[in-house]
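Undergrad: Sequence:
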Amino acid sequence: MRNLKILLRVVGGIQIVLGLFYLFAPAFFLESIGHSVPTDDIFYPLGMLASRFLVFGVVFIYIARDPVQHRLWITAMIFIQLIDLAVGVFYTATGTVALSDSLFPMFNATWIAGLLYLWRPRPDSAT
215 MRNLKILLRV
225 VGGIQIVLGL
235 FYLFAPAFFL
245 ESIGHSVPTD
255 DIFYPLGMLA
265 SRFLVFGVVF
275 IYIARDPVQH
285 RLWITAMIFI
295 QLIDLAVGVF
305 YTATGTVALS
315 DSLFPMFNAT
325 WIAGLLYLWR
335 PRPDSAT
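Taking the working numbering, the leading residue of the sequence shown gets 215, the next gets one more, and so forth.
Hints listed in this document are in silico derivations from the structure and should not be mistaken for laboratory results.
Glycine included, every Cβ here is placed at the ideal spot set by N, Cα and C.
Do not rely on the hints blindly, as some may be mistaken.
Said to hold, decoys possible - Using C-beta positions, here's what the derived DEER-type ranges look like:
1. Asp254 with Arg285: 36 to 46 Å
2. Pro259 with Val282: 33 to 43 Å
3. Met215 with Phe293: 18 to 28 Å
4. Phe318 with Leu260: 14 to 24 Å
5. Ala312 with Pro335: 31 to 41 Å
Using the sequences provided together with the hints, build the complete structure.
TA: Next comes the structure, spelled out in structure tokens:
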């Protein structure tokens, strides 16, 4: 359980950092990770995306106190990471995004989903 608590805090921290970049410096962040800078109107949905990163980040730091009581949040993040991975594979396979730009995020999605799945509390662990 100790490893899971640490993992939840790390994942929460990653989400908060991503949220801050997408909220306060989206053009800088996207360009620094190899993506093209979008037109100004796209910064609005990126700001909405940032809110989700920030909320999930705070929630994950909070649920690290008692992961057994928050299995649904952990399962939700597993699915988020699997969707992230699938989107990365799709856009890389179609040539829209270069492997050099998608490999690190896809690697992160893989290890986060994998460790959350392996270390998640089982339903019988609440008893």
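Undergrad: Give a verdict on every hint.
TA: A quick look at each hint next to the structure:
Taken as a hint, the range 36 to 46 Å holds for the pair aspartate 254 and arginine 285, whose Cβ atoms sit roughly 40 Å apart. Checked against the hint of 33 to 43 Å, the pair proline 259 and valine 282 passes, with Cβ atoms roughly 35 Å apart. The hinted window of 18 to 28 Å between methionine 215 and phenylalanine 293 holds, with their beta carbons roughly 22 Å apart. At about 19 Å, the beta-carbon gap between phenylalanine 318 and leucine 260 stays in the expected band of 14 to 24 Å.
Checked against the hint of 31 to 41 Å, the C-beta distance between alanine 312 and proline 335 comes to roughly 38 Å, which is consistent with it.
The structure agrees with every numbered hint stated previously.
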